[in-house]
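Enquirer: Now for the letters of each chain:
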Amino acid sequence: DTIKLEPGKETNMVLLPKFLGILVFDQANEGAQEAHKELANPGKLEFTGPTPENSTAGQIEIMTTAGTQKQGAVMLSNNAGDQIVPAAEAAQAAGTKVVTWDSPIPGGKGESVFVAQVDFGSIGTVMADMAMDILGGKGKMAVLSATPDASNQNAWIESMKAALAADPKYKDIELVDVVYGDDQAEVSYNRALALVDKYPDLGLIMSPTTVGIQASAKAMQDEGLCDKVKVSGLGLPSEMVSYTMNGCAPEFALWDFRDLGYLTYYTAYGLATGQLKGDIGETFTAGRMGDYTIEADPGREGAKRILMGPFTVYNKDNVEAAAK
Amino acid sequence: MSRLFSWEGFLFACLAVIFTFNAVAAPDFLSISNQINLFQLSIEKIILALVMTFVIINAEIDLSVGSMMGLSACTFGYLVQMGTPAPLVILICLAIGVAGGFFNGWFTARLGLPSLVVTLATLIGFRGLARVMLEDRGIGGFPDWFAALGQRGLIGPVPFALIAFVALFVALYILLERSGFGRKTYVIGSNRDVADFAGIDTARHKIIIFTMSGLAAAFAGLLYAARVGAVRGDVASGFELDVITIVLLGGVSIFGGKGTLVGTLLSILIVLNLRNGMALLNITGHIQTGVIGLLLIASVVIPRIKLPSLKPEAAA
Amino acid sequence: MGLISRLSPAALRILALLAVLAVVLIFFATQIEGYLNGRLFNRISSSVAIMALIATGQTLVILTRNIDLSVGSVVGFTAFATGSIITNHPDLHPLLLLAYAALLGTAFGAINGALVAYARVPSIIVTLATMALYRSFLVEYSDAKSITTNSLPSWLTDFPNLPVFSIGAMEFRAGFTASLAVVILVHLCLTRLRPARALFAVGSNPEAADMAGIDAKRVVFAAFALSGLMAGLAGFMFLARFGTITVVAGLGFELKSVASSVVGGVNIFGGSGSVIGAFLGAILVDLLETSLVRWAVVSEFWREAVLGALILLAVATDTLLSRRLARLRAKKGDTK
Amino acid sequence: MKPVLALRQVSKNFGMTAALTDMTLELFPGEVHAIVGENGAGKSTMIKIMTGIHQPTSGTVEVDGAPVVLNGSKAARLRGIAAIYQEPMVFPDLDVTENIFISATSGLLLNRSAMRRHARELIARIGMTLDVDRIASGLSLAEQQAVEIARALSQDVRVLIMDEPTASLSAHEASELRRIARALAADGVSVVYISHRLEEVFELANRVSVIRDGKHISTKLISETDPQTLIAEMVGREVGNYFTKMPSTATAETLLSVQGLAVDGVFEGISFDIKRGEVLAMAGLIGARRTDVALALFGMLKTSAGTVTYKGQPLKITSSRAAIDNGIAYVSEDRRKMGLAMALPIRWNITLATLQKYLSPLGLINTGAEITTAWSYKQKLNIRTPNTDIAVGNLSGGNQQKVMLAKWLNMAPDLLIVDEPTRGIDVGAKAEVHALIRAFTAAGGTALVISSDLPEVLALGDRILVMREGRQMAIIDHADASQESIMALATGQKDAA
Ligand SMILES: Nc1ncnc2c1ncn2[C@@H]1O[C@H](COP(=O)(O)OP(=O)(O)OP(=O)(O)O)[C@@H](O)[C@H]1O
Ligand SMILES: Nc1ncnc2c1ncn2[C@@H]1O[C@H](COP(=O)(O)OP(=O)(O)OP(=O)(O)O)[C@@H](O)[C@H]1O
Ligand SMILES: [Mg+2]
Ligand SMILES: [Mg+2]
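Residue numbers (the working numbering), protein chains in the order written: chain A, 103 to 426; chain B, 641 to 956; chain C, 114 to 449; chain D, 405 to 901.
No wet-lab data here; the hints were simulated from the structure. Computed from a predicted model, the values in this text were never measured in an experiment. Don't take each hint at face value.
Computed list of chain C residues with no C-beta within reach of chain B, every gap over 10 angstroms [to be verified]:
#1 A123
#2 A135
#3 A142
#4 E146
#5 A212
#6 S264
#7 N274
#8 L275
#9 F285
#10 R286
#11 A287
#12 H300
#13 V410
#14 L433
#15 L434
Short, incomplete list of chain A residues facing chain C, as computed with Cβ under 10 angstroms [claimed, not checked]:
#16 D303
#17 G305
#18 K320
#19 E325
#20 S340
#21 G376
#22 K379
#23 I382
#24 T385
#25 N420
Heads up, the beta-carbon is just placed ideally off N, CA and C, and yes, glycines get one too.
Whole structure, please, built from the sequences with the hints as guidance.
Expert: Spelled out as structure tokens, the structure:
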């Protein structure tokens, strides 16, 4: 029995990204606004976030204030790791539902449910597979991540390591190093080149962050290394299209943040208006996106998730269309 | 008084305006819980601001406080996870704070390197040590009593950290405004040579102040760990600038020798109320920092506005 | 000894710094095989090009006993604004675009300068504030869009890596050559032009400068405006080199540029120092960072710790070294 | 003849203090115009108005008979008005050459070799020897002064104002300077000469104006007046002639005995005894390194040889703290750098060296006792200030000097080392300071007085130690000492007896 969410119930909600000024978070906001109109919620939907250099403290602050304001729900793309937990639990105690999206609370405490863009386990497999056919089944690869503290990047890297270890078909792919570009163009760019210098026979740089992947691609292109060292990972079609077309980054993956925002809003609305309990097994209809079910999160002990999926892998054939 | 406002006067006026505005505009503002949250959310920064006041009056600066907070918090997480008893770990962390502060002080006072440079290096270095310990891990699950200390009220709804802040303010106020130590802090900040000739061991004094700063930062790091219940490598990064902003807004002269803890307290209250008010009105982070920035400049310019009549020269 | 007594303290600093640089190079050469080669030069040169400009501007400000913490935000904003202009008007003339970036940077710098020089607000307060303000402007202005490489004309994105000339495997690329030229130009002005000396005078003793009939206000204002200009140019280079610009562009450049300057022997209390020194300082910091990533002995996570230690070491040795040499000189000076 | 520069009814207030009221003064080309007045009379303030540093609260400044607004020293310079200030103003990071030409405006490009040559000429013209490539931070006060004079001479001046230029000069340089002043006047420059040394006023000036409490008292041809009248006009009362030497109060007990004291490359072979109650004066030219000897005795300079016996015990002083604990005080010659924290209250400065006395067991300051002390010194030394809580930087040079003395007298030292105790102090205050030193020794204190002012040396010293270029030339008894004999030793014309 799928729950159909009854529109028009009033509840104020906050969409809280890691920080403001990043394209994907704005896309998520668009999705949420779309859902907000669809569900004709008389309440307010606030899109507010901290500054980049003050992300952790800022998210904690906004989460705390949300509780004080008696917000119906906070939709959080968590950048504070478990440091957000006390604030989130306090907010929930004050009756504010906490729904995470994009990046969950690692320990799973203080959150009602996590709207997962894709299955974190499968991200590992997808990245491993991309590495597989870019390297032609054999070669050295290095990871260029965001910051060492980005919990979802860390989770994805772990799951990729697991995938590589699990299946013997990956046995000839060697993960030589993991470095961090702090999600800043210049750092990522220099790290990428340093990797090439450090490992003369490096075949692939895998970067599970939109900043890192394009910086690496740019670096390889600028130094004319594209035919030696390929780049892959998670990136935005609009940023990656040229590199995919010229072969620097033959393949990369991402999901649709607009949909993610849309689905997250539906979930949060359902919980905030009491139409969803947030129990495992509950199934509900999320407007144009169809039915979704709350399930146990395989990645996080005792946590719950809603799996959006699917995952789009971009290459020469589909990237240009997506970049539009 | 030919000035339009004194600095403190100006700050106090600001505070009054902000407070009333908040009270009117945001219904939840005056609630006990919000008033406590308002302090709790930046309790570490405001504790650091108290000690930073000493450092800057002494004509030095300590950019490494944020990183030292991180180092102490991460050490705590690391050792607790290794199973070391928490009380012991707390002592170790405080010891690290003392050591780090002494390090800054020694290079500044004895070797004669500018503190801006020394603490810029340790800003990177201390952070690095924290990083070495925790690498890419986040650590949580601290003892309940520890978490409770950071997250629940100790006396009624008032948490330990807030009490510590008040106590610390009183103690430091007496130390700076009433004691010989405070007097020396001003004199050294105003003209170190004169202090040297008056038989004051200025190097020792500076080292003590840097050590205080390191200790306070380590303590703040522990408070932070307790408050958020988890730590990782980037804890408190960038805090130093907020702390310095508060102190300067409080009217402490960056050139040393001038400033009061009351000024710092006023500016603490202003910044906290301003931020909280804007947060309650859902004003985004970068606008908040922008406003604080403007206020920072205004707080220097506006007191300078002279009444048209009798103009005083700046004293030689 | 005779030589030392003839060299100016400034020259001594540069020598000390070059010594430190050499030591670092030799050390890593023993640690990393295939280290000392043209490739290393190309890496460092092209990545230092941007910081060199910023550090130069920072030095001008520090010379006047001030500091500019807003450079990072200025770089970020100009990079973005320049990017969006060229995105919307792809056929804009390169020089116009460059002028736009320069102008923007100078404007920001002028605001800082006006507040410091004429409103007499301490520079650290002003630039601490404008650092936040300019960054806020960027977030507002960008409205969460980001500039992407493929929306930029190829002349812009190719520019930094155009080989101008090369010595053996060492390529001098346009980006590096350009900023090197700027650095040298500024250095020549500082040492040869009469008005430029006022910069040192004001930093050395503001009161005396006033009484010597130097318009200290104007000098300080100019220093900040120039620092803004340098940041503007750096923003242009940043855009050209990295293509993708988000709201975090240039974050943390302020402290890095200060680090470069002081490592380069610029006296943080004003009055003495050289842009060549700052340039070498920037190179040293950059060299350490890249080399540490390549050094197998320390893990990725040791980088910051070691970097901090090395910066302190560099500054300490440089200071003590030039102090000792200066003292030797003074002694000689007395005995005649 | 039309005055080149004139003040008409000029008044200047600093907040409540009226530094100048209705000041009128005319300066003519080719004259040396001396200006005398007590500390705080308003001399420096007047100068700063002439050079555009301060703007008059009311009244007008005229150049060549036309009223002008001098906003900033640049405007003044463009009209050929330059000044040498009481406190030397050099750029520590720049070398001597650059210091001299820093305010030059001609030419965009610098021609270093030419500048260097020109700099050497100027220094030579002042009759100094100084390495023009030396960084200014190492310069002694006198050398700094020389740089300033050279700077003023470097551009063609029509009015050259000297605010106590000889305060930090010894007799030798002082006479050189007077020669320059005369030469300039001969070239048609109008020289304004502020000094507390009446003898040089009478030697040098054509006309002299007296200022008291910011008001113009008189302007006379030098021939129409005499020292006693001037002094009377300055202080508005008769002052006892302070040159008369009081009988020695020395006792038999040796307080301090120094044997072969030396600091590498600075000075060597300093040996002397001081008896309790005695005043030992140290004479010498600038650069004689008397200050360094003092610094060594005060533990601020590491000695390389020699022994110090103090109160019968061998004593090794390694820090100012140790010196102070042993009852040794040092009153520096450089108020701004080592003497006073200018931005802090007078009271804080007075009790600084003796802070311990005002601390409760808990380390808290007993403000009441502090105020009493500060106030008593304000009375005793009659320091001109409404109260003791204002920043000492607001006081006139002379009054600052008194505050510095108060700081050290307050520790009731056994040995009081005073370096140029009356530099920039007017006759009235000078007499007071001398009286203070005498009273101090009479009460059993012992004093080591470093002075470049020979009359002062003779007025105070029971015995006189003459130094030259870091070496001790001789110790003369007051009985057989004269300005001539001291000069002879100080300049090396006569060798150590
Ligand atoms: N910047 C200032 N602010 C306030 N008061 C000042 C300032 N400068 C001078 N005064 C006051 O103005 C009066 C005149 O000072 P001035 O320095 O002109 O005296 P002077 O004649 O030069 O004394 P001296 O011979 O000791 O140098 C003094 O009472 C002094 O306290
Ligand atoms: N050539 C020099 N190089 C470096 N420092 C010097 C030099 N000459 C003087 N000084 C410093 O200046 C201060 C004043 O000493 P100075 O040379 O004037 O000898 P002096 O006998 O003390 O002369 P006076 O006491 O009359 O000024 C001392 O601290 C001394 O160290
Ligand atoms: Mg004077
Ligand atoms: Mg001396």
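Enquirer: Determine for every hint whether it applies to the structure shown.
Expert: Results of checking the hints against the structure:
Interface exclusion of C:A123 from chain B stands, the closest Cβ pair being 18 angstroms apart, more than 10 angstroms. Consistency note on C:A135: stated as away from chain B, and its beta-carbon is indeed over 10 angstroms from all of that chain's, at 21 angstroms minimum. The Cβ of C:A142 sits about 24 angstroms from the closest Cβ of chain B, beyond the 10 angstroms cut-off, so the non-interface label holds. C:E146, annotated as away from the interface, keeps every beta carbon of chain B farther than 10 angstroms; the closest lies near 25 angstroms.
Distance check for C:A212 against chain B: the nearest CB is about 28 angstroms away, which clears 10 angstroms, and the non-interface claim stands. With a closest Cβ-Cβ approach of about 24 angstroms to chain B, C:S264 is found to remain outside the 10 angstroms limit, as its non-interface label requires. With a least CB separation of 29 angstroms from chain B, C:N274 remains clear of the 10 angstroms interface cut-off, as annotated. At roughly 34 angstroms, the least C-beta separation between C:L275 and chain B is larger than 10 angstroms, which holds for a residue marked as non-interface.
No Cβ of chain B approaches the Cβ of C:F285 within 10 angstroms, the least distance being about 30 angstroms, so the stated non-interface status holds. Residue placement check: C:R286 keeps its beta carbon more than 10 angstroms from all beta carbons of chain B (closest about 29 angstroms). Every C-beta of chain B lies more than 10 angstroms from that of C:A287, the closest at about 31 angstroms, which supports listing it as non-interface. Even its closest Cβ contact with chain B, about 22 angstroms, leaves C:H300 beyond 10 angstroms, as expected for a residue assigned away from the interface.
Every Cβ of chain B is farther than 10 angstroms from the Cβ of C:V410; the closest lies at roughly 13 angstroms, confirming the non-interface assignment. Not every CB of chain B lies more than 10 angstroms from the CB of C:L433, the least distance being 8 angstroms, so the non-interface label is violated. Annotated as non-interface, C:L434 keeps its C-beta farther than 10 angstroms from every C-beta of chain B; the closest such distance is 13 angstroms. Contact between A:D303 and chain C, as hinted, is not supported at the beta carbon level, the nearest pair being about 12 angstroms apart and thus beyond 10 angstroms.
The interface hint given for A:G305 is broken, as the beta carbon of that residue sits about 18 angstroms from the closest beta carbon of chain C, more than 10 angstroms. A cut of 10 angstroms between beta carbons decides the hint on A:K320: the least distance to chain C is about 6 angstroms, and the hint holds. Residue-level restraint check for A:E325 holds (minimum Cβ-Cβ distance to chain C is 8 angstroms; threshold 10 angstroms). About 6 angstroms separates the beta-carbon of A:S340 from the nearest beta-carbon of chain C, less than 10 angstroms, and the hint is met.
A distance limit of 10 angstroms between C-beta atoms decides the matter here; for A:G376 the minimum to chain C is near 33 angstroms, and the interface restraint is violated. Taken as an interface hint, A:K379 does not check out: its beta carbon lies about 34 angstroms from the nearest beta carbon of chain C, beyond 10 angstroms. Checking A:I382 against chain C: minimum C-beta separation of about 35 angstroms lies over 10 angstroms; hint violated. Evaluation of the A:T385 hint against chain C yields a violated restraint, the C-beta minimum of about 34 angstroms exceeding 10 angstroms.
This hint is violated: A:N420 has a C-beta 16 angstroms from the nearest C-beta of chain C, more than the 10 angstroms allowed.
Of the numbered hints given earlier, the model fails hints 14, 16, 17, 21, 22, 23, 24, 25; all others are met.
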